[in-house]
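Novice: Assemble chains A and X onto chain E, guided by the hints.
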Amino acid sequence: MDAALELAGVAKSWGEFVLRDVSFRLPPGYITGLVGPNGAGKTTLVKIVLDLVRADTGQVRVFGQDHRSNGASLRSRIGFVHDRPTCYEHLPVEQLGSLVGSFYATWDEGAFRDLVREFELPRRRRVKALSRGMKVKLALALALSHGAELLVLDEPTTGLDPVFRRELLERLSGLISDGRTSVLFSTQILSDLERIADFVVILRQGEVQYEGVKDDLLDRWAVVRGGPEVTSELEGLPVRGQRQTRMGIEVLVEDVDAARRRFGERAVVERATLDDVFLLLGAERDGGRAS
Amino acid sequence: MSENALEIRGLCKGYPGFALKDVSFAIPRGYVMGLIGPNGAGKTTIVKLIMNLVSRGAGEVEIFGLDSLEHEAEVKSRIGFVYDEACFPLDATPRDLGRAIGPFYPGWSNERYRGLLGEFDLPESGKLKKLSHGMQMKLALALALSHDADLILMDEPTAGLDLGFRRELLDHLSAILQDEGKSVLFSTHVTSDLERIADFVTFINDGELVFTLPKDELRDEWGIVKGNGSLPEQLAGLPIRGVRRGPYGVEALVADAAAARERCGKDVVVDRATLDDVMVFMTRGENDVDAR
Amino acid sequence: MWTLVRKDLILDRRQVALNFVLYLVMGPVFLSLMSETPVKLIAAWAAIVGTMIPLSLLAREDKFHSARLTCSLPVTRDTVVASRFAGGWILALSGGLAIVAAIYGAHQAGLGNPVGEWSQALLVGFVTIGLILAVLFPFTMRFGFAGLIGFLVFTQVLGIVAFLSVVLVGGQGAVGAAIGGVAGALGALQGSFGPVGYDLFLLAAVVALNVASFLASRWIYRRREF
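Residue numbers (the numbering used here), protein chains in the order written: chain E, 1 to 291; chain A, 1001 to 1292; chain X, 2001 to 2226.
It is worth saying that the hints were derived from the structure and are not from the lab.
Here the structure is a predicted model, which is why all the values come from computation and not from measurement.
C-beta: ideal position from N, C-alpha, C; glycine also.
Incorrect hints may have been included.
[To be verified] Each computed DMTMM-like pair below joins lysine to aspartate or glutamate, with the alpha-carbon atoms no more than 25 angstroms apart:
id, chain 1, residue 1, chain 2, residue 2
1, X, K2040, X, D2199
2, A, K1226, E, E16
3, E, K128, A, E1062
4, A, K1127, E, D255
5, A, K1226, E, E194
6, A, K1127, E, E16
7, A, K1226, E, E89
8, X, K2063, A, D1084
9, X, K2063, A, E1062
10, A, K1021, X, E2225
11, A, K1129, E, E270
12, A, K1129, X, D2062
13, A, K1127, E, E270
14, E, K128, X, D2062
15, X, K2063, A, E1085
16, A, K1129, E, E170
17, E, K47, A, D1091
18, A, K1215, E, E89
19, A, K1130, E, D66
20, A, K1130, X, D2062
21, E, K128, A, D1084
22, X, K2063, E, D215
23, X, K2063, A, E1124
24, A, K1266, E, D219
25, A, K1127, X, D2062
26, A, K1021, A, E1062
27, A, K1226, E, E167
28, A, K1215, E, E270
[As the list claims (entries may be wrong)] Here are some chain A residues the structure puts well away from chain X; computed CB gaps all over 10 angstroms:
id, residue
29, A1073
30, A1100
31, P1103
32, L1117
33, D1216
Excised from the complex, chain E in its bound form:
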């Protein structure tokens, strides 16, 4: 089955900022987390996928088709969820259905109303008066009501409290259970991805640094923490990055068992969290980045 989204060799140069050779694939029916520092290019990438911005080179395929060849109908299958101000902020929630719905042939007003009720959104309140979390839920309701099969979420959980976040995450997990919907989820709160992502793409300095199954990372990768002597004992281990911190050295190793065998009690060896992978991957001890 076609990937929900596939990028190949996408590059874009925009003033100081550059995306170079970005390639990754969103397996259909799963949740893929997109991670990267601010300024790495995540938002630009999202805009390219939505055809708001044109890439300099490279191919973008959505549901197996070039994303510009059949733009309008493809876009109706994509839902973009974010909380930035939009042009209909002055409208009350319940009127949004007719407004947004008029853009989509596949709009289901009944589904929208149901979702508004399920998400407990105040129907008469104007969009600009909604809290941040409610705006995100509203965007999600809109996306789902026009039958979006690919949901692109841009930092949906930033600023949301943990309870709300958990709700949103549980909903997203529920969504993909039908196998029809795919989710691309860009965020800085990696514990959220640990909870629901199936795949992870790490973007840094305009390039994809890692693309793979989330559980692989969490099960097999490890962080070794100890004093400076650690660096002399890394021979033969699959090291993926290391960093000097105020408290010592941290080393990212792709094989937790091997690391444990090598260090035993002499250093702290723990399974890597996504935070660790994100911070350490490609890092060099002096703070530079492997390019």
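Specialist: Quick look at chains A and X alone, frame taken from chain E:
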């Protein structure tokens, strides 16, 4: 000399539609307290009450043993603050802010300020309006950390900051705390940050204190027990803090995971509870867990 | 308190400078538009414009929410009020004086034809500033810039109402009588105090009004929430 950097007793404040009721907790000197709670729970109100930005309904706030109202100026000269919303004129530059604000604090060090600006990658002469939200937050932090404050008060300081910077900030805070016995009150939604540096955690919900506990206790003694429908019965008598039922089974947050393991043995899975779990279970879970 | 005044001047200096430049230009323009301008009118006008400088800074405070910053610094609310008062007077006085000086300079350079005693004008300017600041201060302490606008709108509305009442109801007599009454009372006072006494009386009244305004503002600001 008081042992507590901050002590709050019976704090109350009423608003139309919301009330902070009888909140009490204390931060011993040299420790970090995380303040968690859903949006609208009252965390920002607590910070505003400490800084006297809003008036108290009732209760006492003591900072380094001094009442925060009677000794307002003295107490505030030792507090570094970072708020969740910007409060600086946007056509000012970081240098302007340093010059304008530094003189208020006896402990102000211009070298430290400029050093922090450099470390945080902030241009001394750029106008604030050109900085992203994250960078403005970093500036607020630089200011708060430049006058040797004994108590650092932060309300959602890391919202919108990327992970790399968040980690740097936490490392920086840890370093300050280790060397110098400073104390921190840190309100945030990014609980993974708290798991890293908090010594104590205070949970506020709906204007009330749910608990104030050492983080280690939460991490080591609390747990999520996962089982089937008979779980509440099995756990009767144990300190259950919330129960959630779902298509997958029943999960219960217990304050004594060891006892739960002993009681239920192999029938159940017991996992460590994260701060997120604690919040979710205690706000959305059922608390009335008589076996049905 | 002076640390606060200094802070405000540092952070607001661009706006203050802009205002000064603008008003200094407006001054000679104003002068050149009228022939035989009474010096007292010039002073009153300069005073009004001078007070706009500190009042315009309020808009910035509302926009940037900087009151939250100010009240988080190691100062009490009372100190903040004192610094606003001091700062407001300093800016208004220097603004007004600068405009008067610009106009005077323009006149020396041959522009315009002001008539009257400059020393009397200074008194008029001072009293005008004093009245405006005393009345507006408590409003702005409570409501910020929005309060200022509200107050100005209110006085406009009052003026419109008075005007309409005169036109519709023919209450010309009543409004005229009210204005005449105030003018008459002031004239009577002038008569009884003599010119110097009258001047001193005005000064004392302005000072008293400002003290009352200051105390009221302190009371208000202590209770303000941010």
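Novice: Take the hints in turn and mark each one as holding or not.
Specialist: To see whether the hints hold, each was checked on the structure:
1. Among the hinted pairs, K2040 of chain X with D2199 of chain X is consistent with the structure: their alpha-carbon atoms are about 14 angstroms apart, no more than 25 angstroms.
2. With a C-alpha separation of about 51 angstroms, the suggested pair K1226 of chain A and E16 of chain E falls outside the 25 angstroms cut-off, and the hint is violated.
3. Proposed proximity of K128 of chain E and E1062 of chain A is contradicted: the alpha carbons are some 39 angstroms apart, above 25 angstroms.
4. The straight-line distance between the Cα atoms of K1127 of chain A and D255 of chain E is roughly 47 angstroms, outside the 25 angstroms bound, and the hint therefore fails.
5. Restraint check for K1226 of chain A and E194 of chain E: the C-alpha separation of about 19 angstroms stays at or below 25 angstroms, so the hint holds.
6. A C-alpha spacing of about 20 angstroms is found between K1127 of chain A and E16 of chain E, which places the hinted pair at or below 25 angstroms, so the restraint holds.
7. Simply put, K1226 of chain A and E89 of chain E have alpha-carbon atoms about 43 angstroms apart, too far for the 25 angstroms limit, and the pair is violated.
8. Under the criterion of a C-alpha separation no larger than 25 angstroms, the hint pairing K2063 of chain X with D1084 of chain A is consistent with the structure, at around 16 angstroms.
9. Distance restraint check for K2063 of chain X and E1062 of chain A: the Cα-Cα separation of roughly 32 angstroms exceeds the 25 angstroms cut-off, and the hinted pair is therefore not satisfied.
10. Between K1021 of chain A and E2225 of chain X the alpha-carbon distance is near 19 angstroms, which keeps this suggested pair within the 25 angstroms criterion.
11. At most 25 angstroms may separate the alpha-carbon atoms for a hinted pair to count; K1129 of chain A and E270 of chain E exceed this at roughly 42 angstroms.
12. Under the criterion of a C-alpha separation no larger than 25 angstroms, the hint pairing K1129 of chain A with D2062 of chain X is consistent with the structure, at around 16 angstroms.
13. The suggested pairing of K1127 of chain A with E270 of chain E is violated, with an alpha-carbon distance near 43 angstroms, which exceeds 25 angstroms.
14. A hinted pair counts as satisfied when its Cα atoms are at most 25 angstroms apart, and K128 of chain E with D2062 of chain X qualifies at roughly 20 angstroms.
15. Between K2063 of chain X and E1085 of chain A the alpha-carbon distance is near 12 angstroms, which keeps this suggested pair within the 25 angstroms criterion.
16. The suggested pairing of K1129 of chain A with E170 of chain E is violated, with an alpha-carbon distance near 38 angstroms, which exceeds 25 angstroms.
17. Between K47 of chain E and D1091 of chain A the alpha-carbon distance is near 31 angstroms, which puts this suggested pair outside the 25 angstroms criterion.
18. Taken as a hint, the K1215 of chain A and E89 of chain E pair is broken in the structure, with Cα atoms around 41 angstroms apart against an allowance of 25 angstroms.
19. Of the pairs offered as hints, the one joining K1130 of chain A and D66 of chain E is violated, with about 37 angstroms between alpha carbons and a cut-off of 25 angstroms exceeded.
20. With a CA separation close to 20 angstroms, the supplied pair K1130 of chain A and D2062 of chain X stays within the 25 angstroms bound.
21. The hinted pair formed by K128 of chain E and D1084 of chain A meets the criterion: a straight-line CA distance of about 19 angstroms does not exceed 25 angstroms.
22. Between K2063 of chain X and D215 of chain E the CA atoms are separated by roughly 48 angstroms; this puts the pair beyond 25 angstroms, and the hint is violated.
23. A C-alpha spacing of about 23 angstroms is found between K2063 of chain X and E1124 of chain A, which places the hinted pair at or below 25 angstroms, so the restraint holds.
24. Note on K1266 of chain A and D219 of chain E: the hinted pairing holds, with a Cα-Cα distance of about 23 angstroms set against a maximum of 25 angstroms.
25. With a C-alpha separation of about 19 angstroms, the suggested pairing of K1127 of chain A with D2062 of chain X holds against the 25 angstroms cut-off.
26. Distance restraint check for K1021 of chain A and E1062 of chain A: the Cα-Cα separation of roughly 18 angstroms lies within the 25 angstroms cut-off, and the hinted pair is therefore satisfied.
27. About 19 angstroms separates the Cα atoms of K1226 of chain A and E167 of chain E, which keeps this hinted pair within 25 angstroms; it holds.
28. About 19 angstroms separates the Cα atoms of K1215 of chain A and E270 of chain E, which keeps this hinted pair within 25 angstroms; it holds.
29. A beta-carbon of chain X comes within 10 angstroms of the beta-carbon of A1073 of chain A; the shortest separation is about 5 angstroms.
30. Against chain X, the non-interface label of A1100 of chain A is violated: not every CB pair exceeds 10 angstroms, the least being about 4 angstroms.
31. Listed as a non-interface residue, P1103 of chain A fails to keep its Cβ farther than 10 angstroms from every Cβ of chain X; the least gap is roughly 5 angstroms.
32. For L1117 of chain A, the requirement that its beta carbon stay farther than 10 angstroms from each beta carbon of chain X is met, with the minimum near 17 angstroms.
33. For D1216 of chain A, the non-interface assignment is confirmed: its Cβ lies about 32 angstroms from the closest Cβ of chain X, beyond the 10 angstroms cut-off.
When each numbered hint is compared with the structure, violations occur for hints 2, 3, 4, 7, 9, 11, 13, 16, 17, 18, 19, 22, 29, 30, 31.
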